[in-house]
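Chemist: Protein chains in written order, with the working numbering: chain Y, 1 to 436; chain W, 1001 to 1432.
Simulated from the structure, these hints should not be mistaken for laboratory data. Careful, some of the hints might be misleading.
The calculated label-pair distances, taken between Cβ atoms and stated as ranges, are [unchecked claim]:
(1) W:Ala1338 to Y:Glu23: 54 to 60 Å
(2) W:Ala1098 to Y:Glu23: 54 to 60 Å
(3) Y:Gln115 to W:Gly1016: 29 to 35 Å
To be clear about the criterion: a stretch of chain Y counts as covered by chain W if any three or more of its residues have a C-beta under 8 Å from a C-beta of chain W, and this derived list gives those stretches [said to hold, decoys possible]:
(4) 41 to 47
(5) 65 to 74
(6) 225 to 236
Some but not every residue of chain W turned toward chain Y, in silico, with C-beta under 10 Å [stated by the list, open to error]:
(7) Cys1059
(8) Phe1062
(9) Tyr1081
(10) Pro1265
(11) Gly1267
Where a beta carbon is used, it is the ideal one built from N, C-alpha and C, also for glycine.
So you can see what is in the structure, the chains are spelled out below.
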Amino acid sequence: MPFSALDSAAVARALAQLVAGPEDLVDAYFERQEVVAVPPDGEPPGVRIWRDDGLAVRLVREDRSFLASRDEVSRGAFEEALRQVARARPRTMAPLPPLGAGAWPAEDDLTPLKQAPRGVVRQLRERRLAFPLRLTVRRHRRWLQVVSPQLVPAAQAERWYSWQADLPWGTSGGLLAELGRAAAEEMATALAASFRARDAAPPAPGRVPLVLAPAAAAVFLHEAVAHALEVDTLALGGTPQAALGVRLGSAGLDVVDDPAAAPADLRRSSDDEGCAVTARWLLRAGVVEQVLADRLWARRSTALAPGAARRSHRHVPPAPRSLYLRLLPGVATLEELLAAAPGGLFLDAAERGRLDPLGGSFSLRFPHAQRIGEAGLGEPLGPCVLRGRVAELLQRVTAVGAETRVAGAGWCAKGGQRLPVWAEAPALLLAEAEVT
Amino acid sequence: MNDLDRAEEVLEQLAGGGGDAEVYLKEGRGRRFSLSPEGELCHFVQEQGWAVRAGDGRCSFFVAASGPPRPRGPWPEPDGYPLRLPDAVEPAPWREPAEVESPLLGEREGVALLAAIAEALARELPGARLRGALLEDGSSVSTLASTQGVRARWRQRLAALRLLARRGDSPVEVSLERAEREARRFHPGALASALADRLAAVDAGAPPPRDRGDMVLAPPVVARLLAHLAPLWLGPEAAERAAALGERTRLAAAAVTLVDDGRLPEGLLSAPVDGEGVPTREVVLIEAGGFRQPLVAWWQRGAWQSSGCAARPSWRDLPLPGPTHLYLRPDPAVRAGALLAAISRGYYLLDTRGPGWCDLRTGRFALPVCGFAIRDGRAQAPLGAAWLVGGVAALLRGIQAVARDLAFSSLGGMIGAPTVVATGLEVRRAPG
């Protein structure tokens, strides 16, 4: 842990100098991030490493926030940031001990990362597939320590992987909780589906039943449920608390944001503001029970609980976002879901979605589809877009699969912050939804 | 010790291992001011980082990190890919823009500027209000040194503004983006007027299901289209792509001359060298409608003339060929108003409402736009939330005239265009 030697008590005392009233919110955010990438075959330079650490100090007073961020963890950088957010030297500044993030660990074994592309190619060969492929695999590690005058939670650490494939007919990619044979299979399966549908005609526009595989359901839930219930999104259309108690989805939908239930390397006990995370029931039997909120919004209403703040790096303020969504499983097998959707579409992957926070319209793009025939899955089809209003689409969920899978819902880019988002979801059946 | 000395120190340590190496340092300071439903934010940011590329004909590595450079590493084991770096070439004489010396916007100035825009908007269009704003004012210093003899240091200054506005309880909002050398050049009245035009264009109108006509495209619309098309002109394969789009000698209408220039006078990203230390220059990609040459980096040049076009927006980024100031050359003799006045039936599209999409494989694009229907040279009715839909080849061949009002948008490099008149495109209610 890079911040294990950080004198958090001294930092907390220094932050306390900025507090002028009980409503003031003050915190310091120390972070370290590392990305290691193995580039596509033959592409210089070879192994690529990004190592990044720094700090940010924040003061929120009434409706005004002040943030100062630095690319360095040191006493000087912290004191300067403190002065900038105070916009004056604090009245009495206790001397601070030296601050630092500790040395970077010695280089660890990158062999699994380097072998991952070869594993994918091997998997493709086993499926008798070969096509030009530029595959980049990255390992991401992140450590953070939040300190506020009243609160010093445990330091947090995360590790995950991402991949991106440039193909002659487009790009494909995703997030992985871990590397290994299962991950290679997952990447190869996605690439094979993309290859098979590369020249396929898109499905005819119309209203058809849809079966979303767990990976596609993960993206759908992130875009349609999580984004719709982020307090900053809700505030664009009115009072966020007004969403509580509203029926947003069908009775079969139980959706929980639960960062503490994530796989071990992603698991969190506190959010990016240092607040304890909780199992946050966004939808219980389709009804909104809680929304995603951070400390800034929680100051304004007791109905809003903090603990869902995230920030992609220190140079941006935290914002309410989901981290690990769970859609509780139903009872249907995939075969039963497909049997209930003859003539419909099976969607095994989803790309980017868009939610209009003011009008409520929603769209989600799928890179390819597959026809559902009487005898099961039929021919591959090209890209298509699911369109509708969020509540209308969520109320069209008529069955939920029994078998859940952990899936990366992808990189969320809302508000200029690029954050990895995750979900644990089963397959879903949507009755008669509009596809173009 | 200055930045170049620091870079030299790192090179010295790396040179001990043999092979080639390059050190890139970047420092920046900035102020950000934003208005949003969360309230008002004032952000003071200081960034500092460095990157090293090192290797030989067999293997190499890339390391980037925040803070001051660490000459003694530790450096990772080079991997199985070769590295080539450009030889040093003396750039043409360069004069730094005067604005790099001017102080960044102060807290009160930033907040006052946003408040002034909000007040001007409310005056310009009753019921209109600023729903969000982000103002950034920053400066940076980049330093580059390599074992090939490259030694370069350049400074840049950039201010960017993004505004979001709504009228009353309308569910439609519009945005406006502008960039300048420094934030003090933003004029609240002009910005409010541009926002009011856009709100008026989307608020009351209902776009036709599908219609053609002469399209007068304002600079932000053309810039967005050019940004979508930019990959077509990159790399040695661009010649084949251009050939596939039409006859090689007449790829586009005669009014189309497309240029990229990394040292454009008054250009916001202008610098004497690119992210690899290669001198920047003007490159004409399409001249009077005919394909002339692609945009290629030094290591891609082949039969083409290369230019310093390796973009390196931050110390985290590997240098990547791309446009710096890519623009459609304006016609200094033509006023935008004259183009508009000559339209008997068509549309004047003011701005985009989002990025839209362009599929370069199928050659089709759709842009969400706002604007007005035009009859006999005058705005007849707002168009509402419409889409501009068409084909890439038809767009390039359909540009009939260009005006002189060149303006740039920040779209992954600065992309610029004047107002143009285009035919062969459609306005639709939905992207289709």
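Chemist: Now tell me, hint by hint, if it's right for this structure.
Modeler: Here is how each hint holds up against the structure:
1. W:Ala1338 to Y:Glu23: 54 to 60 Å: Holds, at about 58 Å.
2. W:Ala1098 to Y:Glu23: 54 to 60 Å: At 44 Å between Cβs, range violated.
3. Y:Gln115 to W:Gly1016: 29 to 35 Å: With Cβ atoms ~31 Å apart, the hint holds.
4. 41 to 47: holds (count 6)
5. 65 to 74: Since three or more residues must qualify, the claim that chain W covers the segment 65 to 74 of chain Y holds, with 8 doing so at under 8 Å.
6. 225 to 236: holds (count 3)
7. Cys1059: holds (6 Å)
8. Phe1062: Result: holds, 4 Å to nearest chain Y Cβ.
9. Tyr1081: holds (4 Å)
10. Pro1265: violated (30 Å)
11. Gly1267: At about 24 Å, which exceeds the 10 Å cut-off, the nearest Cβ of chain Y leaves the hint on glycine 1267 (chain W) violated.
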